[in-house]
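Model the full structure from these sequences, guided by the hints.
Residue numbers (my numbering), protein chains in the order written: chain A, 491 to 771; chain B, 491 to 771; chain C, 491 to 771; chain D, 491 to 771.
Derived lysine to aspartate or glutamate pairs resembling EDC-like cross-links, with alpha carbons at most 16 Å apart: (1) B:Lys574 x B:Glu502; (2) D:Lys677 x C:Asp537; (3) D:Lys638 x C:Glu629; (4) A:Lys574 x A:Asp506; (5) B:Lys677 x A:Asp537; (6) A:Lys638 x D:Glu629; (7) C:Lys638 x B:Glu629; (8) A:Lys677 x D:Asp537.
Where chain D lies over chain C, by a calculated footprint (3+ residues, C-beta under 8 Å): (9) 525-535; (10) 633-644.
Here are some chain C residues pointing at chain A (derived, C-beta under 8 Å): (11) Thr688; (12) Gly690; (13) Gly692; (14) Thr720; (15) Thr724.
Hints listed in this document are in silico derivations from the structure and should not be mistaken for laboratory results. No residue lacks a Cβ here, since even glycine has one placed at the ideal position from N, Cα and C.
There are 4 protein chains.
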Amino acid sequence: MESSSTRSPLQERLYDIIFGFDSVAGRRFDLVLIVLILSSVLVVLLDSVSSIPLHYHRYFFWLEMLFTLFFTVEYLVRIYCSPKPREYILSFYGVIDFLSIVPVYLSFFFPAAQGMLLLRILRFFRILRVLRLMRYLSEANLLMRSLKASRRKILIFMVAICALTLIYGSLMYAVEGPENGFTSIPKSVYWAIVTITTVGYGDISPATPLGQALASLVMITGFAIISVPTGIVTAELANEMRKERSSLMCNHCERGGHDRNAKFCKHCGVELEDDTLVELS
Amino acid sequence: MESSSTRSPLQERLYDIIFGFDSVAGRRFDLVLIVLILSSVLVVLLDSVSSIPLHYHRYFFWLEMLFTLFFTVEYLVRIYCSPKPREYILSFYGVIDFLSIVPVYLSFFFPAAQGMLLLRILRFFRILRVLRLMRYLSEANLLMRSLKASRRKILIFMVAICALTLIYGSLMYAVEGPENGFTSIPKSVYWAIVTITTVGYGDISPATPLGQALASLVMITGFAIISVPTGIVTAELANEMRKERSSLMCNHCERGGHDRNAKFCKHCGVELEDDTLVELS
Amino acid sequence: MESSSTRSPLQERLYDIIFGFDSVAGRRFDLVLIVLILSSVLVVLLDSVSSIPLHYHRYFFWLEMLFTLFFTVEYLVRIYCSPKPREYILSFYGVIDFLSIVPVYLSFFFPAAQGMLLLRILRFFRILRVLRLMRYLSEANLLMRSLKASRRKILIFMVAICALTLIYGSLMYAVEGPENGFTSIPKSVYWAIVTITTVGYGDISPATPLGQALASLVMITGFAIISVPTGIVTAELANEMRKERSSLMCNHCERGGHDRNAKFCKHCGVELEDDTLVELS
Amino acid sequence: MESSSTRSPLQERLYDIIFGFDSVAGRRFDLVLIVLILSSVLVVLLDSVSSIPLHYHRYFFWLEMLFTLFFTVEYLVRIYCSPKPREYILSFYGVIDFLSIVPVYLSFFFPAAQGMLLLRILRFFRILRVLRLMRYLSEANLLMRSLKASRRKILIFMVAICALTLIYGSLMYAVEGPENGFTSIPKSVYWAIVTITTVGYGDISPATPLGQALASLVMITGFAIISVPTGIVTAELANEMRKERSSLMCNHCERGGHDRNAKFCKHCGVELEDDTLVELS
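The following block contains the structure:
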């Protein structure tokens with residue numbers, strides 16, 4: 491938050507509004523931004539529905555232009571008022587902000603290209619900008635910390651799942667064969683993933699008794715395996731919640747583990763006021 | 491429970507029977523009510539089955555009239571005997587009580603209207619009245635408290651899921667396109683929700699190898715993500731159960747929720763000795 | 491285990507073999523019984539496969555007769571050697587034992603009746619007899635205790651799920667209507683159950699945009715709700731496991747919480763031998 | 491790690507590189523191995539896609555030969571440098587290493603045999619070799635320990651699930667019958683497994699009202715049951731994580747796993763003071 495000495499008061503003020511969330515103006519700006527992002531996403535959604543009459547699509551086009559213009563101005567102001575513009579541009583949210591406006595401008599130059607469609611999808615990454623505003627909620631931080639703490643365990647689990655689906659998929663390819671829809675090993679691996687995650691589209695499903703027996707084994711494995719990521723996240727989350735609860739320390743006897751609504755220290759009996767109960771980290 | 495001084499003994503007596511659950515009469519009334527609500531729901535269910543011969547539907551009609559009459563009388567008596575009628579009418583269960591009788595009366599005036607059907611569905615909200623009786627069960631309260639405590643975390647999680655399905659859905663729209671059933675972005679988002687929640691109808695499913703690879707990613711993400719709400723609820727529930735178990739009450743201020751190792755009451759500050767800290771149940 | 495004074499040594503001996511699991515003979519009998527039950531179930535399974543040539547079915551018939559004969563003898567011996575025959579006959583496993591042999595005898599008298607098929611399915615309850623042998627495993631007891639402790643919570647949850655599926659199902663019936671497969675409210679409720687449990691057959695699936703939006707809501711609700719029973723069982727199970735761990739008491743200082751492999755009391759330092767470490771319950 | 495006295499320095503050096511992971515060379519070797527294993531799996535995957543032009547398959551063949559040659563050399567070197575070759579060959583990973591090379595050599599002698607396909611699938615077990623490298627990650631060990639600790643509970647649960655699906659499957663066979671796709675009891679059991687694990691392909695689904703009611707029961711049972719393995723793994727995982735966190739070591743006998751409130755070492759009985767109980771990490 492330390493600003494360089496050359497920053498103008500306008501920059502300071504804009505920074506507070508756009509990046510901050512303490513001031514009234516900052517919170518109002520956040521609210522307007524959320525509404526605009528959601529409206530813009532809604533327009534992109536509706537624009538893709540071909541059953542909507544053609545003349546509506548023209549309105550959608552102009553709305554999209556308007557939103558993009560606003561987001562462009564916002565992006566430039568963010569660069570202008572940021573104390574470290576370079577850092578902002580290269581940050582996760584800086585890249586998202588850029589990617590969500592650039593496809594519209596590019597579509598002027600390459601209007602009908604095939605690859606354009608995928609590029610235009612990038613506009614959808616706007617929705618990720620909503621996540622930025624959730625940073626301020628302590629619950630979101632708790633969830634993020636739990637997920638971060640279980641990151642490596644989940645990764646190892648994913649590697650094990652991939653190995654398992656490869657083996658199950660190739661076995662099914664050998665057992666059922668192309669005549670029952672298992673046309674190649676990659677497709678059989680796709681089937682194994684569909685099955686082990688308990689999604690079960692039914693676009694490919696075993697037809698032979700042996701295949702159905704093997705599929706039953708895959709399903710029961712999946713049933714048991716589904717418990718592992720849940721176990722990981724639950725254990726980490728319980729851990730994080732326990733930490734949060736016990737991070738309030740009595741300033742008098744310097745012992746922790748107080749509830750947030752406690753009025754007296756349960757260890758030394760001193761009355762707990764706002765300056766006596768200290769949050770640890 | 492404080493009644494206004496102008497209430498008649500009849501009102502008091504009816505209040506005990508209809509709202510209370512301590513007296514024998516009150517519990518009998520609750521039982522009769524549950525049977526009537528479930529019967530009425532059964533009649534509505536059967537009434538919608540077109541394969542049942544026509545003359546049965548006439549019986550269903552008269553049964554429905556009878557149930558509605560009873561529920562109307564009950565509703566009026568509830569208003570009559572409630573100490574604060576206004577509060578009851580505007581309460582969650584007051585509105586449910588009203589909504590579950592009004593469609594039948596409205597159907598006399600607008601018998602064949604199209605919107606009528608949706609209105610008649612409101613009769614089904616009767617089933618929610620059963621939930622009212624579950625309030626008295628301590629387990630239901632424990633569950634409700636856990637869900638309430640995890641409310642904000644689940645909401646944040648839902649927002650993240652929505653953002654994710656929007657991005658996955660639009661990517662799939664770009665990859666698979668209308669020729670494989672992904673006719674619009676909203677429909678693709680519907681597919682993403684069907685997939686990430688592991689429901690997997692199979693009414694829309696990816697046909698191209700790239701689409702299947704992307705779908706596999708969506709499924710594995712869903713598999714990992716399914717663990718988050720479970721983790722939240724489990725951690726909160728374990729927390730609530732632990733609290734309930736340790737319902738140690740301070741004998742001085744008669745407030746509970748103390749830890750077993752507490753030396754001073756956190757509410758009134760009195761020193762907790764073996765005879766001051768009373769275990770509740 | 492207290493036997494009546496009039497029991498013969500043969501009864502005692504048979505009781506130890508058939509009901510007990512301490513002696514070598516008792517454990518051998520259990521093993522033979524498991525093999526026979528599983529073989530008998532396998533024969534019933536294969537007997538239902540119509541693609542197996544007809545002359546095999548004759549073998550299956552004779553095998554089935556043989557198994558039934560053995561199970562009948564076993565049932566009679568169980569009655570003979572049980573100290574309280576009446577109690578055994580009326581117990582859960584006594585009824586199962588009876589139901590798994592009677593259909594075969596009945597099929598002689600009413601060979602081709604339609605209701606016979608359902609009756610013959612009763613033979614399958616034999617498989618439940620395997621569960622009896624799992625009683626002796628402490629892990630099975632731990633699981634049963636956890637499930638028993640969470641019984642009421644799960645029941646309340648089930649009632650809530652039923653109310654929810656009734657409401658969602660009737661809403662879908664109003665939105666989608668018979669032309670999209672939602673032919674009656676009971677069928678729509680069936681769809682809601684298929685969806686909320688994330689099974690998702692796809693035999694009925696929403697076709698209108700409004701229906702798909704409502705279905706998305708149902709799925710996301712189901713996604714959040716799936717966490718509740720898991721949370722209940724996990725919290726109870728963690729509780730039971732904690733209890734089991736902390737139920738070893740040092741006989742010297744009479745304080746608990748020891749690990750089963752502890753060699754010295756962590757509170758008073760006394761050496762823990764088999765007679766010092768006492769299991770509490 | 492104790493090597494026999496007759497081992498040459500070359501054997502020692504190779505052992506460090508191939509089996510070890512402490513030296514720089516050892517870690518580089520592991521990295522090369524992972525890349526080769528994954529490339530080899532990719533080649534097998536692509537080789538099965540019939541839409542890839544024929545002349546590519548010739549390249550795949552030669553790549554496969556190359557990989558197999560490398561893995562063969564690696565296998566022989568592993569035997570050569572292992573201090574106990576016999577033990578390595580018969581170990582889990584030794585068998586995997588052997589099975590992943592032998593099918594390629596066998597395919598020279600029996601080129602077009604039908605059973606060959608299944609044998610060639612064995613090449614896929616190569617992917618399991620990646621798991622070997624995960625042993626060194628403490629998170630993987632934690633997960634493995636939790637799964638090992640819950641092994642017996644999960645097994646009992648699986649037996650209960652099998653009994654349940656047998657009963658539900660045979661009931662459905664009696665209710666729905668062959669005309670609705672439930673052609674035999676084994677197939678109905680397959681349907682019950684598909685349903686209870688919430689996979690729900692929809693290749694077989696109930697058509698009669700009674701069948702749909704029974705299926706609803708199966709699904710709701712499955713919904714409640716899905717919580718049991720999750721509960722088991724979560725409780726064990728939380729337990730293991732708690733143990734790991736409290737890795738307090740007795741300074742006297744240098745063994746860990748003490749509780750923070752322990753006053754005496756549970757292994758050697760020495761009194762634990764602040765300087766005796768050392769936190770490990």
